[in-house]
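Trainee: Chains R and V, in that order, are what the protein sequence lines are.
Terminal number for the first sequence in my numbering: 228, no gaps in between.
Terminal number for the second sequence in my numbering: 321, no gaps in between.
Calculated from the structure, these hints are not laboratory results.
Only true hints are included.
Heads up, simulated DSBU-like pairs for lysine-lysine below, C-alpha to C-alpha not over 30 angstroms straight-line: (1) R:Lys115 - V:Lys297; (2) V:Lys297 - R:Lys127; (3) R:Lys127 - V:Lys275; (4) V:Lys221 - V:Lys250.
Here the structure is a predicted model, which means the values were calculated and not measured.
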Amino acid sequence: MSDVELEPGDALHPGKPVIVDRYRGATRLNHWVTAISLVLLALSGLSMFHPSLFFLTAIFGGGQATRTIHPWIGVVLFFSFLLLFLQFWRLNLWNRTDVEWVAHAKDLVSGHEEKMPEVGKYNAGQKFIFWSMSILISILIVTGIMIWDEYFFDLTSIEVKRFAVLIHAVAAVIIILVWILHVYAGIWVRGSINSMITGSVSGGWAWRHHRKWLKRLAAKPANRGGPA
Amino acid sequence: MPDSPTTAVSNPPVQEFVNNLGASDMISRSATGDLPPPARRLTEVAKLIDVSKCIGCKACQSACIEWNDTSPAIEDNVGIYMNPHDLTPEMFTLMRFSEWVNPETDNLEWLIRKDGCMHCTDPGCLKACPAPGAIVQYSNGIVDFVHENCIGCGYCVKGCPFNIPRISKTDHRAYKCTLCSDRVAVGQGPACAKACPTQAIVFGTKADMIKHAEGRITDLKSRGYANAGLYDPPGVGGTHVMYVLHHADKPHIYDGLPDNPKISAVVQTWKGVTKYVGLAAMSFAAAASVLHGVFAKPNRVAPEDDANAERLVGGGPEERT
Chain R
1 MSDVELEPGD
11 ALHPGKPVIV
21 DRYRGATRLN
31 HWVTAISLVL
41 LALSGLSMFH
51 PSLFFLTAIF
61 GGGQATRTIH
71 PWIGVVLFFS
81 FLLLFLQFWR
91 LNLWNRTDVE
101 WVAHAKDLVS
111 GHEEKMPEVG
121 KYNAGQKFIF
131 WSMSILISIL
141 IVTGIMIWDE
151 YFFDLTSIEV
161 KRFAVLIHAV
171 AAVIIILVWI
181 LHVYAGIWVR
191 GSINSMITGS
201 VSGGWAWRHH
211 RKWLKRLAAK
221 PANRGGPA
Chain V
1 MPDSPTTAVS
11 NPPVQEFVNN
21 LGASDMISRS
31 ATGDLPPPAR
41 RLTEVAKLID
51 VSKCIGCKAC
61 QSACIEWNDT
71 SPAIEDNVGI
81 YMNPHDLTPE
91 MFTLMRFSEW
101 VNPETDNLEW
111 LIRKDGCMHC
121 TDPGCLKACP
131 APGAIVQYSN
141 GIVDFVHENC
151 IGCGYCVKGC
161 PFNIPRISKT
171 DHRAYKCTLC
181 SDRVAVGQGP
191 ACAKACPTQA
201 IVFGTKADMI
211 KHAEGRITDL
221 KSRGYANAGL
231 YDPPGVGGTH
241 VMYVLHHADK
251 PHIYDGLPDN
261 PKISAVVQTW
271 KGVTKYVGLA
281 AMSFAAAASV
291 LHGVFAKPNR
301 VAPEDDANAE
311 RLVGGGPEER
321 T
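Build out the structure end to end from the sequences listed, making use of the hints.
Mentor: Laid out in structure tokens, this is it:
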């Protein structure tokens, strides 16, 4: 199992403080392409979802431009997220620690993270975000193509398109809720955003939130990089 | 003078006419919640299409092309009279020809139905449209597409219970029959009704058209069409294009005219509960996370976490192996 508990690029830099490399440059770039795409999709999608948000079409240069560009951004997001998925899915498989972690979720919120089980690179909350995003993006790309009338009008009947557009809207609302949770968690757990900007976290952050991951890294001398 | 034309057969007036159908006559406007109530209510108008009088000459199609200045592509003859093959962004009305064997008489009946926008009282296209003012409904019953506001999303296609709107591949805007709103605005009936040589298409106030239909239905019944009737489907609140059908008990034989059209429950859900609950849920989640972020204690790394990490990892780089 040991080889699937770490990802390429994970490395330790001993010192005071300890620095831990968490995401490679390519992963971060990949993440931010996905993130920007998701935000643009949400803005353009919301403008066509509720009349009170139609003004958002101005960001994209008007209603026609918004309608044209939205599906293309979806294609970018799909492939960008696919790369993230291929990197992350193994470490996001559900295990027994996750069940225990969820049972202790109250401790996390009340500030007693020390009572929670030690977790590897991803905790159950992060896994929830990962799988929600994976499932919702799959639903959104499939239903999105079904209502991309410019190229795929003949693919499905109008009756099927009605269901597709409803499911697309519901899935979009849910993914925005998941996105809010993701961003919120990243801000609330201080030090997390850094892992996606500079690529590294402090040793204390790793000890506090992903102790099993840190221990696995520390156990293997090969994982040690140079001084921070 | 009546506020809307009451016939399509009169000759155009020679005096100048002012536009009598404007923004103040709108009773609904797509993606617009705060439309001011109209200052006046125009008399409801309707086009009545008597399929039993139609000879399939397509003068109505020609008149429609002529008036709206469209250019339907020239297509191949595939063995039926229908041409073009379907409604298109350039063809707002279409004669649909069906060959139907009446099981009671074993007679072949050639059913010809002029297809096009029905101008529903409860228009599914307008309900589905996300672009403010791209679809409007006037108090005289006309449902019109305002092309400069159209974003080409095709939601109207999904909202329509009659499969009428078509999106242009050229300018990416939705097109359909306007009930010649630009003619009606200046006291003229629709071009198709004007051109119809048998007066199978007539135009006037909706009340007059219902009365006219009654006479036609009585006549048809006296000629053996016991099920003759008016097609003014209540599922969409009635329409402003109505049919006299000799077999009104089975509209579907007329090339798939819906028996009981109404806005799909899926569309209603999408444009109803999903829109309101969805926006509320997203707003609530965003507001709650901002509030929590501002007032709750963040989850910070404690100094002892760093100390523990240093102890675990071991001293400095000199310990590297």
